[in-house]
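Taken in sequence, the protein lines are chains A and B. In terms of our numbering, the first sequence is residues 1 to 88. In terms of our numbering, the second sequence is residues 1 to 255.
By construction, these hints were calculated from the structure, which means they are not laboratory data. Given the structure is predicted, the values throughout are model-derived calculations rather than measurements. Watch out, some of these pointers could steer you wrong.
Unchecked claim - A few chain B residues that face chain A, going by a derived Cβ cut-off under 7 Å, partial list only:
| no. | residue |
| --- | --- |
| 1 | E87 |
| 2 | A92 |
| 3 | P183 |
| 4 | S194 |
| 5 | P232 |
Backbone N, C-alpha and C define an ideal beta-carbon position, used for all residues, glycine too.
Spelled out from the first residue to the last, the chains are:
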Amino acid sequence: MCTNIIENAAVAGSGKGADGWFTLSGANVSYDHPYHAPLEYALNIDFVNEAAGPAARVAVELTAESARRLVDAILVALDRGALAEAGA
Amino acid sequence: MPVNQYTTDTMESLRAETVLIKGDAGDQIRAFVARPSGDGPYPGMLLIHHAPGWDDWYKEATLRFARRGYVAISPNLYERNGHGTPEDVAAAVRSAGGVADTQVVGDCQGAIDYLRAQPSLNGKVGVIGTCSGGRHTMLVASLATGITAAANLWGGGVVMKPEELTEKRPVAPIDYTDRLNVPLLGLFGNDDSSPSPDQVNTHEEALKKAGKNYEFHRYDGAGHGFFYYDRPMYRQEQAVDGWKKVWDFFGRQLS
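The task is simple: from the sequences and hints, build the whole structure.
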C-alpha cells in the first residue's frame, strides 16, 4: 500500500477464518495502513491460503510495540516447546 | 461559499451503477459510475481508489461528485486479484506488493476513454486520488491522454529513493514532472510521514523548476487521510476546507 513494506512467509498449519478452518499456505506481514485498528500504521499479519481466494484470510493489526511482544512470546513458547519435546 | 451547494427546491436525479469497461491490455474490469440524469453537458471525473481498495469511501466520493454535477467514474484497479470484501482483496494486493504502475495507467486510460465516450460530457475530464491513488494520479496526469486537470491528495511515493523502485513501480512519479501538462492541485497534512513535508517540498520544487501550473495546500493538525470520515485520522476542519479547495479547483478548470 503506501509504505510497500511487505514480507511473505510460507507457513504450514491451519487458520480459522470467517467460514471456519482452512489450510494455511502463507503469512503476509506488512507495516502499513490498517483497516480497523485506530492507527495510521500497524504491523499487519494476514494468514492466508491464496489458492482459496481473498476471503481465506485471518487478519490481525497490531501496534508496533505489541507486535514485538508477540514475537518475543512466540520465540519463548517455541524454546519451551523444544525443551519439552526433548524431555528436558 | 455555503456548506451546501444546492437549494431545497432542487429536484435531484442521479444514475449510479457498476459497469464493465476495457482496462489495461484490453482486460474487462468493473467501474462504479455515477452521473446526473440530465443531458449535460457535465465535466467528467476519474476517481483513483486508495490502497485500502475499491471501497465504500470511494463509491460514496463518486456519488458526491455526481451530486455536484460530474459524470464520475471509479474503476476497480484490483479486478485481477479476485473478488471478496474490499479489505480482503486489498490485503491480497498488499501481499503481492501492490499493482503495477503500467497496469494502473492502462486501467485509468480505459476509464478516461469511457468518460469521453459519454454524450453528456462537456469535453473536460479531471482526475483525483488519495493515498496510493494520489501517487497514481500523478502517473495518470503525466502519462495518460484526455485529462484536463488533476488533484493529488496526500499521495505517498511520488518522491522515491532508488532502492524503493521495484519492477511494479520502476519510475518515481516525480521523474515524470516534465510530462505533466495539466493544472495540479495538491492537498497534504503536515503530520503525514508518507508523503512527509520534506517530500512535498521536493515535489513542489520540481514543479516550480519545470514551470508547471500547480497549487499546493498544507494543513497543520492533519496527517495522512484526513478526509476519511470512517477513520481516526479524520480532521473535520481541514477536511471541510480541503473539499472546498477541490470543488473550487475543478470548478475553475473543468467548467
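Verification of the supplied hints:
The interface hint given for E87 (chain B) holds, since its Cβ lies 5 Å from the closest Cβ of chain A, which is under the 7 Å cut-off. Restraint check, A92 (chain B) versus chain A: the minimum CB separation of about 4 Å is within 7 Å; hint holds. Hint status for P183 (chain B) relative to chain A: violated, with the closest Cβ pair at about 25 Å, above 7 Å. Given hint, S194 (chain B) at the interface with chain A, holds; its Cβ is 5 Å from that chain's nearest Cβ, closer than 7 Å.
Contact between P232 (chain B) and chain A, as hinted, is supported at the beta carbon level, the nearest pair being about 4 Å apart and thus within 7 Å.
This entry does not satisfy hint 3, going by the numbered hints stated previously; all others are met.
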